[in-house]
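J.: Just so you know, the sequences run in chain order A and B.
Just so we're aligned: 200 in this note's numbering is position 85 of the first sequence, and the numbers increase by one with no gaps anywhere.
Just so we're aligned: 183 in this note's numbering is position 68 of the second sequence, and the numbers increase by one with no gaps anywhere.
Take the hints with a grain of salt, since some may be wrong.
Treat identical chains as interchangeable: a pair holds within one or across any two.
Below, a list of computed lysine-lysine pairs in the DSS-like style, where the Cα atoms sit at most 25 Å apart [to be verified]: (1) K210 x K358; (2) K340 x K293; (3) K518 x K633; (4) K652 x K340; (5) K389 x K509; (6) K386 x K518; (7) K384 x K633; (8) K633 x K386; (9) K633 x K650; (10) K559 x K310; (11) K210 x K364; (12) K656 x K552; (13) K652 x K633; (14) K518 x K559; (15) K518 x K191; (16) K552 x K652; (17) K287 x K210; (18) K652 x K310.
By construction, these hints were calculated from the structure, which means they are not laboratory data.
It should be emphasised that the depicted structure is a prediction, and the values quoted were computed from it without experimental measurement.
Protein chains: 2
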Amino acid sequence: MSLRTLLLRNLLRQSRITNFAPVVLQNKSYSRNEKYNWNSKRNTAITLLASVVVGSAIKDDQKENTKSDIVEAGEKRPDLPTYRAEEVSKHDSKKSFWVIYRHGVYDVTSFLPTHPGGEQILNAGGLSIEPFWNVYGMHKTKEIYEILESYRIGNLHDDDVADHSDDELWAKEPFRDKRLIVKTAKPFNAEIPPKLQVEHFNTPNELFYVRQHMPVPDINENEHKLTVTIVGKNTTVKEFTMKDLDKFKPVTLNAALMCAGNRRSEMNKVKPVKGLSWTTGAISNAEWRGVALRDLLAHCGLDPDHLDDLDGKHVILTGADTDATGAQFSTSLPLRQALDTVLLATRMNGEPLPPDHGRPLRAVVPCAPAVRSVKWLQSITISTEESSSHWHLKDYRAFNPSKTWETADFSTAPPVYSLPVTSAICDPEDGDTVQVKNGHIEVKGYAYSGGGAKVLRVDVSADGGRSWREARLRTDAAPPARHYAWALWAVEVPARGDRQMEIWVKATDSNFNTQPEKFEDIWNIRGILGNAYHKIKINLKY
Amino acid sequence: MSLRTLLLRNLLRQSRITNFAPVVLQNKSYSRNEKYNWNSKRNTAITLLASVVVGSAIKDDQKENTKSDIVEAGEKRPDLPTYRAEEVSKHDSKKSFWVIYRHGVYDVTSFLPTHPGGEQILNAGGLSIEPFWNVYGMHKTKEIYEILESYRIGNLHDDDVADHSDDELWAKEPFRDKRLIVKTAKPFNAEIPPKLQVEHFNTPNELFYVRQHMPVPDINENEHKLTVTIVGKNTTVKEFTMKDLDKFKPVTLNAALMCAGNRRSEMNKVKPVKGLSWTTGAISNAEWRGVALRDLLAHCGLDPDHLDDLDGKHVILTGADTDATGAQFSTSLPLRQALDTVLLATRMNGEPLPPDHGRPLRAVVPCAPAVRSVKWLQSITISTEESSSHWHLKDYRAFNPSKTWETADFSTAPPVYSLPVTSAICDPEDGDTVQVKNGHIEVKGYAYSGGGAKVLRVDVSADGGRSWREARLRTDAAPPARHYAWALWAVEVPARGDRQMEIWVKATDSNFNTQPEKFEDIWNIRGILGNAYHKIKINLKY
Chain A
116 MSLRTLLLRN
126 LLRQSRITNF
136 APVVLQNKSY
146 SRNEKYNWNS
156 KRNTAITLLA
166 SVVVGSAIKD
176 DQKENTKSDI
186 VEAGEKRPDL
196 PTYRAEEVSK
206 HDSKKSFWVI
216 YRHGVYDVTS
226 FLPTHPGGEQ
236 ILNAGGLSIE
246 PFWNVYGMHK
256 TKEIYEILES
266 YRIGNLHDDD
276 VADHSDDELW
286 AKEPFRDKRL
296 IVKTAKPFNA
306 EIPPKLQVEH
316 FNTPNELFYV
326 RQHMPVPDIN
336 ENEHKLTVTI
346 VGKNTTVKEF
356 TMKDLDKFKP
366 VTLNAALMCA
376 GNRRSEMNKV
386 KPVKGLSWTT
396 GAISNAEWRG
406 VALRDLLAHC
416 GLDPDHLDDL
426 DGKHVILTGA
436 DTDATGAQFS
446 TSLPLRQALD
456 TVLLATRMNG
466 EPLPPDHGRP
476 LRAVVPCAPA
486 VRSVKWLQSI
496 TISTEESSSH
506 WHLKDYRAFN
516 PSKTWETADF
526 STAPPVYSLP
536 VTSAICDPED
546 GDTVQVKNGH
556 IEVKGYAYSG
566 GGAKVLRVDV
576 SADGGRSWRE
586 ARLRTDAAPP
596 ARHYAWALWA
606 VEVPARGDRQ
616 MEIWVKATDS
626 NFNTQPEKFE
636 DIWNIRGILG
646 NAYHKIKINL
656 KY
Chain B
116 MSLRTLLLRN
126 LLRQSRITNF
136 APVVLQNKSY
146 SRNEKYNWNS
156 KRNTAITLLA
166 SVVVGSAIKD
176 DQKENTKSDI
186 VEAGEKRPDL
196 PTYRAEEVSK
206 HDSKKSFWVI
216 YRHGVYDVTS
226 FLPTHPGGEQ
236 ILNAGGLSIE
246 PFWNVYGMHK
256 TKEIYEILES
266 YRIGNLHDDD
276 VADHSDDELW
286 AKEPFRDKRL
296 IVKTAKPFNA
306 EIPPKLQVEH
316 FNTPNELFYV
326 RQHMPVPDIN
336 ENEHKLTVTI
346 VGKNTTVKEF
356 TMKDLDKFKP
366 VTLNAALMCA
376 GNRRSEMNKV
386 KPVKGLSWTT
396 GAISNAEWRG
406 VALRDLLAHC
416 GLDPDHLDDL
426 DGKHVILTGA
436 DTDATGAQFS
446 TSLPLRQALD
456 TVLLATRMNG
466 EPLPPDHGRP
476 LRAVVPCAPA
486 VRSVKWLQSI
496 TISTEESSSH
506 WHLKDYRAFN
516 PSKTWETADF
526 STAPPVYSLP
536 VTSAICDPED
546 GDTVQVKNGH
556 IEVKGYAYSG
566 GGAKVLRVDV
576 SADGGRSWRE
586 ARLRTDAAPP
596 ARHYAWALWA
606 VEVPARGDRQ
616 MEIWVKATDS
626 NFNTQPEKFE
636 DIWNIRGILG
646 NAYHKIKINL
656 KY
């Protein structure tokens, strides 16, 4: 085992990470799961968690592994005993926990507490981990294969070896524009290149940043139904087809969507965090069109002015994308906020929603982390409970810089339903060489604030904060306190002979909140809400 | 003239300050003004602007001047010519501008452009400045008398010397609790001592911080009327007595009021700013009770759901407090914000409004700078125009740190209708010596955010930001996005043998906005919105 892998394994042992709720397995016979066909041979993967935890020691997370790495893991080893699947399947508890990978049988009992994905691993007790790794492709790296092999105890009997292919699983992924900067391939996560980001106020659909948790579901629009359940003394359930939704008054809103982890890579430089290593490209803006949630719920009999305990209720949104256990993506938000802001969108920038962005129907929750804007929307439930999914309960919560994975309590931390003010320089990019014209260079970027606030002012400094220049702003004409779009900005910065320049940007929003100078004081274990000043260094030529 | 005064005069000449709109004088015969009796001899004063501009060079603005200072200015000087009042009164234009002070006649033509109060000075052309200085008591300091005397050209004829006393003007000022920390006496501005600030969630009325612009009007509650004007095709005007207002459904809200300049003294340390040198005591919290503005306007026929151009309208609030020209205090805010948040309050913490806090009626505009919460409310006007008062047009607007009085354009800068997240340490205070008990000290303070946001978390550091401890919070139970009260916090900080400790605090609000670390990047000419970390240094004993 390489030193790097040994280091990773020790780190995993030390960091007791439980960022997923336990998922109780309903049916352990995956070969009978009608949703996925496990029977094909090709595997590809990119690590995620490992590379983030170990930082620069791990290969760039955008490279795919070579064939030789794949051959090493799960190969038959004549020096080891052979086990039947039935025997392996008995070892499915925390006291003795075995798994299968291709020809290999592994005793990972001592590894369980250090699994970064938490107790999700328990679903694989006594079974092959391949179907799970087909969904959670970030496992498929040399380093993780090496860790796996360190727990090898034997071979699976030839008659029990199954072919778990992910061909079918990922066969229906939509076409993606080659200009997108890919962070992970399966699931697909990609950001928009900075210079393209500021070319249009409304980001073209094919360039809108993409964040998936799982494969993109392929939905037949003519058969798709949205179920609305209002829990109460007399619980009501109503179903809507896409044609039914077309009958409602169409509402348009111009809104940005931003991942809570946008700019995480900058926070990661201070101290490693867990999550996708977004730079500044996990935000885009569009004109959305559809039905106001408020109108749909009114049709279902929900009258906010005469509702008991309005502030104690939540809107649970569930999508059609599912993980290996069949669990559907789900999250929730407070009812009051949902009534005020949520659009059930069918169109994006004048076109039907693309598959990557939720076709045929998604929630658009302005001003909140985009995780709340559930795609491929299947159901809406009004309840006194929040969503019980692990994505909702064990993630998207913020802590102070001193909280660790051991001391952070996700169950008591408030969920993130809003976003602080942020901004970024998109053109030029860090490291660029820029031609000075007439003693100036032009600098462009974006700014954005959640909670309905508007960006009021953007200031740029090229002298370490000693002086600031106010940028020209381009914003949407939405009313105050209901401002959902981003702002694009541009400013001329004088260049007087220096060969290099460091440029800072900061935005002030309509509540006069502004950004912290550095990431140290806002660092948090999940690397979210990173809104310190964006700073770049460029070279100048005259 | 002392060096200090010379310095001040030069600074004033260099800084062309026009932070007040021109006020056209209606009636120059002040002796006939029925509101004030000028005929008495006593003068007292505290400087304001001068001490702030020159910073530490000027005496502490809380001390009253000695009698010897007063004797120097305006005394008869046998070496100079004598003028009749009629002659002086002809010199009332920018080409030749004379004023009177006691026995002195002064040609201040060349001083006009540098008057920090802007063109307000034009009202005194050819007249005595004493009535004006009786209202704007911040002029009455040794330094300003010296500047005045440097423009001396003669004596006023004995027969024309009048006695302008401010006894009557300030005779009806309410009784003030001696524990308040006075910044200026006339008008009265005082902050609450830090340790008292955190004793009660709702600040006792007698300790609530006080900010006056002018003398406190003495209003007969039984005769007081509130006029509501809705400007439109058919402008409507309605009058309400206090008894009329009692008939509306009472509404209660718990809200903090904070001066936009709270913590200005900390910003002033970076670079001098103009304004009252508040420390952390210009914020308090109370339970307010009265009539919702929305309900009153509905009664007057205003239906927000069927109103043209809701977002283009403003609510102009006018109070009964007036300046020397008779102009009443006035400001405005956007109609939508007003409908959502404004209370017309008659009671404060269960008692009728005290005189200092607006008896019998005031606006309470939560989440906004307290200047918008007009006291002694006399009229409400719904209009497409903002208030035209100088307090509204030429103040309470924010700029980046590089804007100067010359380059800052108040007419295009957006008004401040909200407040960013802030926090302060109240107990212990800076410089205290604290007894360590069981290896800890207890630290307490407040936190607050405008725009309806709730304080979510307060973190304290005693090691320069390397580690942070989360404080216990006490907040109000208001619904999200409509959170108007402050939060009080407390935390135990370990003390392990150090003799000194520097403590920092920062708050995070429900939009996950947090505070900038230092004042440099948020500095602005008026010293408002100063929400960088509050930091104190204390001594420890064991």
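J.: For every hint, state whether the structure bears it out.
T.: Against the structure, the hints:
For the identical chains of this complex, K210 and K358 are neighbours neither inside a copy (53 Å) nor across copies (77 Å), given an alpha-carbon limit of 25 Å. In this homomeric assembly, K340 and K293 never come within 25 Å of each other (Cα to Cα): the closest approach is 33 Å inside a single copy and 69 Å across copies. Taking the shortest Cα distances, K518 and K633 sit within 25 Å of each other both inside one copy (18 Å) and across copies (24 Å). Proximity of K652 to K340 under the C-alpha cut-off of 25 Å is found in neither arrangement, the shortest distances being 51 Å within a copy and 62 Å between copies.
When the C-alpha separation of K389 and K509 is checked against a cutoff of 25 Å, the pair qualifies only within one copy, where the shortest distance is 13 Å, while the shortest distance between copies is 49 Å. Taking CA atoms no more than 25 Å apart as the test, K386 paired with K518 passes inside one copy only; the shortest distance there is 13 Å, against 36 Å between copies. For the identical chains of this complex, K384 and K633 are neighbours both inside a copy (11 Å) and across copies (22 Å), given an alpha-carbon limit of 25 Å. For a Cα distance limit of 25 Å, the shortest separation of K633 from K386 qualifies both inside one copy, at 13 Å, and across copies, at 22 Å.
Taking the closest pair of Cα atoms, K633 and K650 come within 25 Å of each other both inside a single copy (10 Å) and across two copies (18 Å). In this assembly of identical chains, the alpha carbons of K559 and K310 lie at most 25 Å apart only when taken from the same copy (9 Å versus 47 Å across copies). For the homomeric pair K210 and K364, neither the shortest alpha-carbon distance inside one copy (58 Å) nor that between copies (65 Å) is at most 25 Å. In this assembly of identical chains, the alpha carbons of K656 and K552 lie at most 25 Å apart only when taken from the same copy (9 Å versus 62 Å across copies).
Both within a single protomer and between protomers do K652 and K633 lie at most 25 Å apart by alpha-carbon distance, with minima of 16 Å and 23 Å respectively. For the identical chains of this complex, K518 and K559 are inter-copy neighbours only, at 21 Å across copies versus 36 Å inside a copy, given an alpha-carbon limit of 25 Å. Proximity of K518 and K191 under a CA criterion of 25 Å is satisfied in neither setting, with 43 Å inside one chain copy and 72 Å between copies. When the C-alpha separation of K552 and K652 is checked against a cutoff of 25 Å, the pair qualifies only within one copy, where the shortest distance is 18 Å, while the shortest distance between copies is 49 Å.
Taking the shortest alpha-carbon separations for K287 and K210, neither the intra-copy value of 39 Å nor the inter-copy value of 82 Å comes in at or below 25 Å. For the homomeric pair K652 and K310, the shortest alpha-carbon distance inside one copy (16 Å) is at most 25 Å, but the shortest distance between copies (46 Å) is not.
Checked against the numbered hints above, the structure violates hints 1, 2, 4, 11, 15, 17; every other hint is satisfied.
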